[in-house]
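**Q** Sequence:
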Amino acid sequence: MGKRHIIGWAAAIFLIAAVLLPAVDRGVEASEISDFDNYVTSIEELSVPEGTRIIALGEATHGNREFQQLKREVFEILVRKYDVRALVIEGDCGGCTIINEYIQGGEGDDRELTKLLGYRLYRTDDMQELIRWMHDYNETAPEEGKVRLYGMDIQRSTFNIQVLKAFYDQVDPERAADVSGQLDDLFGTEEDGYDKERVDEIIASMDALSEELENHSEAYIEASDPDTYLRACLSAQALSCYIRYGEKENYSHRYRDESMKSMVDRILAHEEQEHGSELMLACHNGHMTKNQSSRFTFLGKFLHDEMQDAYFAIGTDFYITSCNLPGNNGRMVKEFCSDDPLAYNMKDSSLDKGLLIFSNVDEESSLYPYISESIPTGSLGEAFTPLMLLMKSQYQLYFAPEEMYDAMILYYQTTPTQIWED
Numbered sequence: 001m002g003k004r005h006i007i008g009w010a011a012a013i014f015l016i017a018a019v020l021l022p023a024v025d026r027g028v029e030a031s032e033i034s035d036f037d038n039y040v041t042s043i044e045e046l047s048v049p050e051g052t053r054i055i056a057l058g059e060a061t062h063g064n065r066e067f068q069q070l071k072r073e074v075f076e077i078l079v080r081k082y083d084v085r086a087l088v089i090e091g092d093c094g095g096c097t098i099i100n101e102y103i104q105g106g107e108g109d110d111r112e113l114t115k116l117l118g119y120r121l122y123r124t125d126d127m128q129e130l131i132r133w134m135h136d137y138n139e140t141a142p143e144e145g146k147v148r149l150y151g152m153d154i155q156r157s158t159f160n161i162q163v164l165k166a167f168y169d170q171v172d173p174e175r176a177a178d179v180s181g182q183l184d185d186l187f188g189t190e191e192d193g194y195d196k197e198r199v200d201e202i203i204a205s206m207d208a209l210s211e212e213l214e215n216h217s218e219a220y221i222e223a224s225d226p227d228t229y230l231r232a233c234l235s236a237q238a239l240s241c242y243i244r245y246g247e248k249e250n251y252s253h254r255y256r257d258e259s260m261k262s263m264v265d266r267i268l269a270h271e272e273q274e275h276g277s278e279l280m281l282a283c284h285n286g287h288m289t290k291n292q293s294s295r296f297t298f299l300g301k302f303l304h305d306e307m308q309d310a311y312f313a314i315g316t317d318f319y320i321t322s323c324n325l326p327g328n329n330g331r332m333v334k335e336f337c338s339d340d341p342l343a344y345n346m347k348d349s350s351l352d353k354g355l356l357i358f359s360n361v362d363e364e365s366s367l368y369p370y371i372s373e374s375i376p377t378g379s380l381g382e383a384f385t386p387l388m389l390l391m392k393s394q395y396q397l398y399f400a401p402e403e404m405y406d407a408m409i410l411y412y413q414t415t416p417t418q419i420w421e422d
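Just so we're aligned: the sequence shown equals residues 1 to 422 in the numbering used here.
Read the hints as simulated data drawn from the structure, not as lab findings.
Here are the simulated BS3-like cross-link-like pairs (lysine-lysine), alpha carbons at most 30 Å apart as the crow flies: (1) K353 with K146; (2) K353 with K115; (3) K71 with K115; (4) K353 with K81; (5) K248 with K261; (6) K347 with K334; (7) K261 with K81; (8) K196 with K261; (9) K71 with K347; (10) K165 with K248; (11) K115 with K146; (12) K353 with K71; (13) K115 with K248; (14) K81 with K301; (15) K165 with K196; (16) K71 with K301; (17) K248 with K196; (18) K334 with K115; (19) K71 with K334; (20) K261 with K71.
Given only the sequences and the hints, what does the whole structure look like? Please build it.
**A** In structure tokens form, the structure reads like this:
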């Protein structure tokens with residue numbers, strides 16, 4: 001039998017085994033941790049070390065209500081206890097700028113504005129509540145205490161174009177018509193409406209526009225304000241990255257995270273200089289872990305490598321989830337078990353969710369091996385394959401929690417998001 005046939009038979013046997021055999025559990029078997037309750041607390045007990053510049057909150061899935069709700073809950077705590085006033089989410093840069101205008105007291109319908117976040121998975125009551133809370137909070141906050149929303153993602157063009165057009169209308173009306181016409185010519189008037197034969201021209205034009213913004217920074221800031229100017233610069237940068245990501249980088253996960261890292265760096269520098277505020281960063285666990293925990297994990301590692309202890313990472317996990325995922329014929333709900341022994345120990349807790357801060361855990365405790373040694377944890381994104389129901393390795397990470405995070409917020413069971421039909 002030839003070598004090629006042997007490899008073919010081996011692959012076939014492996015596929016049959018994957019279909020017929022149950023998924024193999026890896027890591028620590030879910031069991032009671034005797035002193036778990038000594039360390040798990042309410043999220044109200046969240047404490048952030050002095051010198052922290054970014055507090056990153058992850059979500060183990062994109063398809064559970066609890067993780068969407070947690071963005072608002074943790075941000076409220078950080079605003080109240082630590083005077084954090086800037087939230088950066090895994091959302092469209094331009095869309096979040098338009099939403100932020102409403103948050104700062106502008107007019108608008110918060111349900112319609114929620115649709116500008118960039119992804120269908122965010123079209124939920126829970127994300128609408130986040131936007132409404134930020135808007136309502138600012139109505140009574142002093143000017144220096146107002147909160148702000150940013151998007152760091154670079155996968156859309158329409159709202160970034162809208163931001164730039166409005167900016168030039170404000171700062172340079174004579175130039176505005178030319179900029180508007182150029183953007184329409186380069187990108188078309190619909191999402192992804194650009195001519196693929198003109199990619200190099202589009203990139204060069206956007207880089208030139210970014211340079212123009214830099215060269216006229218003093219005049220443009222004087223005609224607007226530092227926040228408005230920053231948003232225009234971010235939108236120009238996002239448009240250049242958007243074209244490069246799809247046409248030059250073949251939708252590389254690394255390039256996307258490098259681009260988001262650049263956006264976060266610029267937002268952080270601005271917030272620290274103009275507002276004296278740290279950042280809360282909210283995105284999937286797969287972007288914000290401190291280590292290289294998956295093929296999607298770059299942003300958090302980049303930030304942690306540079307910032308070390310100034311980057312505080314809070315991961316999340318479930319033990320059982322009913323998760324809203326995309327399918328061939330629309331959305332669907334599938335159930336998964338992470339086998340995470342930490343999340344399992346929330347089963348009989350009086351808390352609906354529990355906070356573990358790893359630095360508080362005594363090395364002599366029975367809990368310590370579960371945070372310092374490799375255990376399975378869950379990770380579901382905006383994708384589904386049947387293999388995920390057969391092989392837990394398709395949706396599990398297997399690292400020591402303290403390698404990935406500084407703290408975790410844990411749920412025993414999570415429920416699916418309810419995405420709007422319209």
